[in-house]
Each structure stands twice: as C-alpha cells, then as structure tokens.
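4 protein chains.
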Amino acid sequence: MHQTFRLIIDCPDQVGLVARVSQFLADHDASILEASHHTDVQTGRFFMRHEISTDSLTLSYDRFIEEFTPLANEFQMQWKVTDSSKRQRVALLSSVESHCLVDILHRWHTGELHCDIPCIIGNHPQMKQFADWYKVPFHWVDFKTLGKENAFKQIEVLLDEYAIDLTVLARFMQILPDNLCSKLAGRAINIHHSFLPSFAGAKPYQQAYDRGVKLIGATCHYVTRDLDEGPIIEQSVKRISHSDTAADMVRKGKDCEVNALATGVRNHLEDRVIIHHNKTVVFA
Amino acid sequence: MHQTFRLIIDCPDQVGLVARVSQFLADHDASILEASHHTDVQTGRFFMRHEISTDSLTLSYDRFIEEFTPLANEFQMQWKVTDSSKRQRVALLSSVESHCLVDILHRWHTGELHCDIPCIIGNHPQMKQFADWYKVPFHWVDFKTLGKENAFKQIEVLLDEYAIDLTVLARFMQILPDNLCSKLAGRAINIHHSFLPSFAGAKPYQQAYDRGVKLIGATCHYVTRDLDEGPIIEQSVKRISHSDTAADMVRKGKDCEVNALATGVRNHLEDRVIIHHNKTVVFA
Amino acid sequence: MHQTFRLIIDCPDQVGLVARVSQFLADHDASILEASHHTDVQTGRFFMRHEISTDSLTLSYDRFIEEFTPLANEFQMQWKVTDSSKRQRVALLSSVESHCLVDILHRWHTGELHCDIPCIIGNHPQMKQFADWYKVPFHWVDFKTLGKENAFKQIEVLLDEYAIDLTVLARFMQILPDNLCSKLAGRAINIHHSFLPSFAGAKPYQQAYDRGVKLIGATCHYVTRDLDEGPIIEQSVKRISHSDTAADMVRKGKDCEVNALATGVRNHLEDRVIIHHNKTVVFA
Amino acid sequence: MHQTFRLIIDCPDQVGLVARVSQFLADHDASILEASHHTDVQTGRFFMRHEISTDSLTLSYDRFIEEFTPLANEFQMQWKVTDSSKRQRVALLSSVESHCLVDILHRWHTGELHCDIPCIIGNHPQMKQFADWYKVPFHWVDFKTLGKENAFKQIEVLLDEYAIDLTVLARFMQILPDNLCSKLAGRAINIHHSFLPSFAGAKPYQQAYDRGVKLIGATCHYVTRDLDEGPIIEQSVKRISHSDTAADMVRKGKDCEVNALATGVRNHLEDRVIIHHNKTVVFA
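Chains as they are written, first to last, in the UniProt record's numbering: chain G, 1 to 284; chain L, 1 to 284; chain V, 1 to 284; chain P, 1 to 284.
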C-alpha cells in the first residue's frame, strides 16, 4: 500500500484551473497515482481529486498546505489535503443487529478498511461480545434509563473524548437530534434498509413486502436533519419474488446493507466522496 | 415450441387440493412440462400453474373445461385453462418515444413473443412509420382535436372492434380514465420509467437526478385507477454515477424500460402472472 | 421458524407420479409450505421437493419413511425425507484467508444458517482465533510436517469422528485426494474465486486481470475428482474496470466469494439442491 | 448535444505531463466538459481523454493538430484529436439473426448512436428487409457461391469503397481472415455470445447449458487474429436456473448481446476506448 497525499478540490469551474493545479503538482515532482475530475454543468461547479505518492513529493504535508493556500484562495477553492498514513478515527454506533457491525469490524481487522476504531457505542448491550473480541472499547448508553436527550449528550461526549472523525450508524435504530446532525455534518454515515427514496421511515422491508416490489435494496447516506433524506453515497439491490416472505426479504436485504455500507465507508475513508448540495460526487 | 394447455388456479389453501388436481391430470394422461405452486401464508391463498403438453391429453379444450368445472367449484377456485395455440390479441398504445414499441414489435416479429398485434394506437402520429413496416394498422387518435374524453372513447371502440385481449402502454403518456381502467383490469400493462414506488408521477428521471440516487430503474405494472400504484410484474435497474447527466439517465433508463416491459408482457402472455390483491405471483 | 419435513424425489418422469405423491401427503394431512417440480426434458428425469409442516402430519419421521417406501420403490425413486429439526453437522476447512470462514460463522451464530458446526480444520493455524471466539474446536493439520497424504488421512479421521454431514472448503487451498472426493461426493462444497469455467486453476484474479475482463466472479460448487469441474450451485459476479488493480479485484472478488458460498451452503442445508449428472437443480 | 473535440493521449507516464497538456488547453480557452486519466502502474503507461467544448476553443481543428504536435512529440504520445461533428462511418456485418442489427439501427435512427451507417453487408439475404426500412444500402455477399476467400475480398472492397471507419460484426457468424483482422485492427468490433473466456468457439449457449452455469453472458471485443481473444470492451450477464432450457438461454442471452454490443459501440464512437496490449481502458 502506497503512502499518499489526497488533494480534494471543490470550486467554481474556470479555464486554467487544472493547468495551475497540475503545474503546482509538477513543480513539486508529484507522481500522480489517480486523478479524477467532474464538472457539474448545472451549477458550474468543479470537483477534482488527486492521489499522489508521498515519496515522490519534495515537500512535507505542512509545507504542501502552506504553499498551496495562495492558489486555493485565488480560485476560491473549498479544499483539503489528507495524508493516507494518518488514519481516520471511526466510531461505530450499534443497536441489536450485528451484521453491519461485524462486517465493518472484520474488514477493518483484515486491513481492507484503513482506519482506527477506538470505540463502539450501543444503545443496547448485545454488541459488547463482538467489541470485546476485536478489542475495541464498548460503551453501552442506556436510552431507557437516561432518556433520549441525556443519552445523546453522553454519546456526544464520547465522540469528543475519542476525537472521532467519522461516526458510522451500523443499524443504530435511533434518530440523531438536530444539533448532533449539524455537528457531525458530512462526518456521519447511516445505512437505511431500503432503496431510498422508496420506503423511507420505519419497517421498510414490511413496506416493500406489502407493495410487492420485485427488487429490494439498501442505501448508504450521510446523516442530515431530514431523516432518510441525506446525500446518498451508495445503493445496493437484490432481486426478490412472490415466494419471498417478509423474513426472506430481511435476510436478503442484510446482504445489501452490508455491501452498501462497506462501500460507502471505504469511499469516505479514502476521501473519494464530495458532498454537493444534497448529492454526492463519488470518485470510486 | 410445444402446443400446451395452461391451467391456472387461485383458491383457498386446502389439504388434498394438489392431489385432486394432479389426479385429474393423470386421469387424462397429462404430460406436465412445468408445474409451479405458491401458498400465501398470510392470506391462506393457494396459486398453481400447470403447463401441459396438448398432445398428451385425452380430452379437448372444451371437454377439459367441462370436466374440470365440478372440481373447480368444489374447491372454490378462480381458474382458467388457456390454449397456447390461441394467440392473445395485443394492442400497443404509443406516443412519441419509439424504444419500447419497436422492441415489442421486434420480439413479436421474430417469434419471441407469442401473440397477435392487430393494431397500434398513438396519441401522436410519429409511430406510424414503425407500424407500417411491421404491417400493423396504425390509428392516430388526436387528443388535441378530440379532447381527452372523446379520444379515450375512440380508443375504447378500437380495443373493442379489434377484440383486444391485452393493452400495452408502451410509453403512452396519457392517464387512462377510471372506467377504462376498470374495464381493462388485469388486461392492461404499463411501463413506468422509475423504480416504483420511488419517483411516481411526472419526470421521474429528473426527480432521480435531483435526488442523487445511485441506481435508476423501470417498473412494469398492471394499470389501475391509482396511477403508478398497480400490481408490479417486473422491475429492472441500472447503476449510475455523479457523472451521468439527466440525459444520460434517460438513455440508460430506456434500456431498463425495454427489459422490464418485454419481460412483463411475455410473462403475462404465457399466463405466468396471477394478480393477488395489489401484488403479483409470477411463475417465471 | 416452522419445523418441517422435506421430501426430495428424483426419478424417471411418469404420468400419475405427482398425483400419487400428493395423495400420499393428503392422506396424512400434510400442510405443504413449498412445492417445487422440475422435469429435465432431455433426460426424462423428474425432480420434486416438498416442504411440509411437521405439526400437520399424522405420522412420525420413521413412519413416514416406512409408509412412503413402497411408493418410492414403485416409481424407482432416489429419494429422502429430512427433518428440519435435525441439524446437519458442518465442518469448515480453512487456510489463511478469513473472509468466507467468518461470514459462514457469523450467519450460523445469528441463526441464518441452520446447522451445527462441531469443528474447524485448518492447514494453517491462523483461523484458530475466530474458531475460539465462536467456541468451535479448531484442529490445525500441519501439511508441512505431516506431508499431504498423512494430513488428509488425519482430516478424514476428524470428519469421521465428528460425524460430519457437510464439509465446506472455505478458501481451503488444498486439493482433496480422489478417495476423499469420492467419499464426500455430494457432501463437500468448495468456493472457487472465479466465474467458472473461466480461470480455473491457480491465481484466477491474476488471470482475470491479465485477460482484461470487465466482470469478475466466484463459483460455489460440489467437490469432485476433476478440480473446478464439479456441479455448480451458485455464481456471483461484480463489475470491474481498467482502473481496478489485481489487488482491487481480489478485494471485490471476496464479496462475490462470500455471497456465492453463503447462498450455496444455505441451499444445500435446506435440501434445495439436487445433483443431476454434472449439474444441479436448485429449488431456491 | 455539444459539439466537442476529443483529445486522446497514450504515452509514457511522466511528471509534468498533465500540467503541460492542461496549460495548452487553457492557453486556447478550452472549456473541458470531461477529463479522464489512468495510469497503468505495471507498464508505466499513461492514458488521458479530454472532451472539450468546440465553441470555447480559439483554434480550429487543423490548427489544434498543428499546435499540439510539438508537445505530443516531446512526450512521445500516441494521440489523436477527433471532432464530434464529424461522424464515423460504420458498416454492419450481418448473418441471419436480427436482434443486434436492429438494435444498433434503432439506436442510430433515434440519434442515440452518433455515426453514419452507409452500408449493411450480409452473408445471407435475410437482413435486407431491415436495411431497406432504415434506407441503408444492403449488400448480400454470397459465401456459398463466391467461396470464403472471394467473399471476404468483396467485403474488403465494400469497406474501402464506403470509406468505413468502424466495422461492427452484429452476430456475423464468419471468421475474418488474418489480413482483414490486421487491416481493421482497432476498428472492428465483434459480439461473442458468451462470457469470455468461458465458452469460446462455437455454440456457447449449448456449452453453457451442458456445464450448468448459473449466469450466462455476452462479450463485446475488438476483432483480432486470435478468435475470441481480442481486447474486451464490455461484458453483460444474466442469471439463469435449472429450469432454463438451452432455448431459454439463447433468448436471455440475446438481451446480454444487445446490451454489451450497444455499449461497446457507443464507447468506441465517443472515443472512450483505448487499446493497451490485449486490454482496454474504457473512460465510460
């Protein structure tokens, strides 16, 4: 695995922009492993992602930021450069279903997901067994005893104390309060067990069963104040038929959930996702 | 292609039912090419489809009906037996988009779809060119001149005169009046250009573009009074990304429409679809 | 979950067969939850699977066998009836890759796969950590020290001692000797990391990368003497592009492997798979 | 539809390359609608495609070539710039199956495929009916009368006379002679009715049926001297089961063929495909 810097740019589209950025990179001997561009013609917005071999560069991370800033300001960029050797800190929020949680943990354990997982938080205690095995501290925040407001305050404290970069709701069945949604904007990912916008809200598999659809799915999206309305990162579907019961749909849907969440989280961790209004650019 | 009788049964589930039906078939030497069963546990309803080699049977179509009727009555069946050598008469309703129309015509022309197509009806004249080539009479019903009510009366007259069994709305962009929906219940198939229930109503591709979904689709369903709410026969999806414009989504979506409609129509023509409340059993 | 008997029949196609079997079931008050039929026209062979609610039946498992045997003999059936409450005993054979092993274990742990897993056998010790957590005895059979012949003898002893019904090669990278293939015929399932028959043999992902295919896949099949040639139960594919390295293909392929193996094993455990020559009938 | 220039570059990877190309484009006010890059790390080869709004450019097509040439030479580029307003001339080679031919013709007729189709050539006369309707000259080259060698000479003459840019073998069941393969290298596209490299050669659906695979497919590839071994542009698959006969597989496979060929041809016509050794980079 190469050490890389990832340069992510989001700015008004202008002639000469790519030339200037490319020249900057060439001036510092950047060996570019991946480069992706996208222009949103409707909004005149330009998006760019470069993955650069760290070894090739003649400047450090701090110097990169310092030297690139004037160019970024000139082109009114929203931008960041990240260092792949600095792993993001991910908190997993769980409830009683283990499939998404265990899948993320296993991909992390085997090195497929490059991140640290300093804590798992559950509104029920059941997931502690998996946390223990993977040697990740588990915090049971008891919503029943604490009440919803205090419970979320405690979660917020935990996320702060652990200096969490990304919060993943791995079938966490609680709705985040508005202030937490705002605080975690662009840094909290949910998996919804339907092919959104179909079957938003509760019991999507039962809704799908009742409607008689021929495909079920799952949607990985950023958490926003508007429940199930956040920017979609990834969706996955599976074919079903009349012979599938609601229970069969739950079983098949779990595979969709696992796949969509793992893909969404990996793309986020590799800085491949840029949020634009209520949509995403995903340089996968 | 074998000549077959297709026996379709929909009745309350009861012990002994399959034995009695199977015994009836055995008593008349039926060679069964396909047999499919389904029990809807929630409603206690049983569905069965047999495809029987005509040559093997020791009774004619009329005698089959006569002899099977007592058994059907005993078990309170809704049932039918159809003869594959008697082709259904299909009317295609069209507007200005040709992709679904031409696909259906070509599959019919090459013998993939076993039916007659005695007429094509358009609310615009553009599809006449394709109708002419396939030597199918084309009727332009001019909604602008006639007004919607009279136009649909004229369509109803045409469907009656041509003794149409199945009406296929091949991207016909007009909403059928309630009385026609009722009259054609279970005998009119529509293709909606979204993955229903997502993006019901107008401009589904624009809706999908605006929502930023990562998969688009199409839905083939029976026409009912509740627009876009009828029993779904088939759905098809295709992956898209941020780089797809609304125009790209239209282009990719057309392939979904073509596939879902062709599959839905074929399954209907082969008596593989049974409507149960607002859902379908599809013995594909 | 219902307790069920599953009646699996494989015999020459004959008129009256279904009637007789159905009458037998009706005579004993069988409530049929699922019934599936298939006729292989080329070989004149008939396949049938019934899933029957145990509670509905007026005879025990042993009496069922006793009473059905004359009918089975009359129609020259290869047949079995299984009791869903009697779980199959599954051994997992592993090497150094954990993704398939952990996925099967997790589906078993959460009750999705109805079986017992009395042991895991590894030709390397690495998987012991997962076995320990799931509290399954782990046996390291050291191929280097023992030599291949003795190692497989030891595996055979273990399979016998644990009275194993189904052996699952969860990315076990050793080729079974002929005698063991014969002994386990129809009771050993392998996952091959390619879309067979493409890229049989070693390093399929590298082969796929070198050939420049646009989809990769995995194949779940029964083990036979002819390596990678056994009856296929399930296949799964995923789209790739020029930007995927051989390492990306390995990562994406793992998801195919996990899905194909889990589906294949579940279908086998639910007696949904019938081997016919070198192919399978899968009543999924 | 924008008028665009498409700049396609294939050269050794070097620092500064993108900067120089981007600067060249910026110097001539290029508004870049799409930019795609790929580095093949194994071979150190770099691939780039730009789609540039013609209106934005301050130089003509001829001047573009003239001015870009020194830069191209400096970086040892294999390169081309194409003008989207200059349609490629496509010949369709047909036999007796119409599905691929009619699909391509319809997409061309409705403007989805931007090209001219000046002629259709058939080794059998059946496709003339479709050619006539679309008002495309049809040439029946009678292989039986002429013999294979003379027949192909006549085809070569036709391709020359019509100044064909791209030859599409739309289920043309004849193997091109080596000299024609060489002459048309990178300019002839075939659709093979299997998921290559599985089932290369004759009767792939029968091969697939005999092997008992659970997915069938089709492969769109460039024609080379090594039959069925050319660089793959696109592949498409569809799920099948034991209940599909070889005839069902043919029917389902046709949809794969149609989709893979249409996608492959469109990508080629939009200069999205670059051949690299025996593989393709597809900037789709």
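Each hint should be verified, as a subset may be incorrect.
For identical chains, the list gives no copy identity; a pair is met inside one copy or between any two copies.
What the hints assert, rightly or not - The list that follows gives simulated cross-link-like pairs (lysine-lysine, DSS-like), each with its CA atoms no further than 27 Å apart:
#1 Lys135 / Lys279
#2 Lys153 / Lys238
#3 Lys238 / Lys135
#4 Lys148 / Lys279
#5 Lys238 / Lys183
#6 Lys279 / Lys203
#7 Lys183 / Lys252
#8 Lys153 / Lys80
#9 Lys128 / Lys80
#10 Lys86 / Lys252
#11 Lys135 / Lys153
Simulated from the structure, these hints should not be mistaken for lab results.
Just so you know, these numbers come straight off a predicted model, no measurement behind them.
Hint check:
1. When the C-alpha separation of lysine 135 and lysine 279 is checked against a cutoff of 27 Å, the pair qualifies neither within a copy, at 36 Å, nor between copies, at 44 Å.
2. Taking CA atoms no more than 27 Å apart as the test, lysine 153 paired with lysine 238 passes in neither setting, with 38 Å inside one copy and 42 Å between copies.
3. In this assembly of identical chains, lysine 238 and lysine 135 lie within 27 Å of each other by CA distance neither inside one copy nor across copies; the values are 34 Å within and 33 Å between.
4. Taking the shortest Cα distances, lysine 148 and lysine 279 never come within 27 Å of each other, neither inside one copy (30 Å) nor across copies (39 Å).
5. In this homomeric assembly, lysine 238 and lysine 183 never come within 27 Å of each other (Cα to Cα): the closest approach is 34 Å inside a single copy and 35 Å across copies.
6. Taking the closest pair of Cα atoms, lysine 279 and lysine 203 come within 27 Å of each other both inside a single copy (25 Å) and across two copies (18 Å).
7. Proximity of lysine 183 to lysine 252 under the C-alpha cut-off of 27 Å is found in neither arrangement, the shortest distances being 34 Å within a copy and 33 Å between copies.
8. Neither within a single protomer nor between protomers do lysine 153 and lysine 80 lie at most 27 Å apart by alpha-carbon distance, with minima of 30 Å and 59 Å respectively.
9. Proximity of lysine 128 to lysine 80 under the C-alpha cut-off of 27 Å is found in neither arrangement, the shortest distances being 36 Å within a copy and 42 Å between copies.
10. Taking identical chains as interchangeable, the C-alpha atoms of lysine 86 and lysine 252 lie at most 27 Å apart only when they sit on different chains, with a minimum of 24 Å there against 36 Å within one chain.
11. In this assembly of identical chains, lysine 135 and lysine 153 lie within 27 Å of each other by CA distance solely inside one copy; the values are 25 Å within and 37 Å between copies.
Hints 1, 2, 3, 4, 5, 7, 8 and 9 from the list above are not met by this structure, while the remaining hints are.
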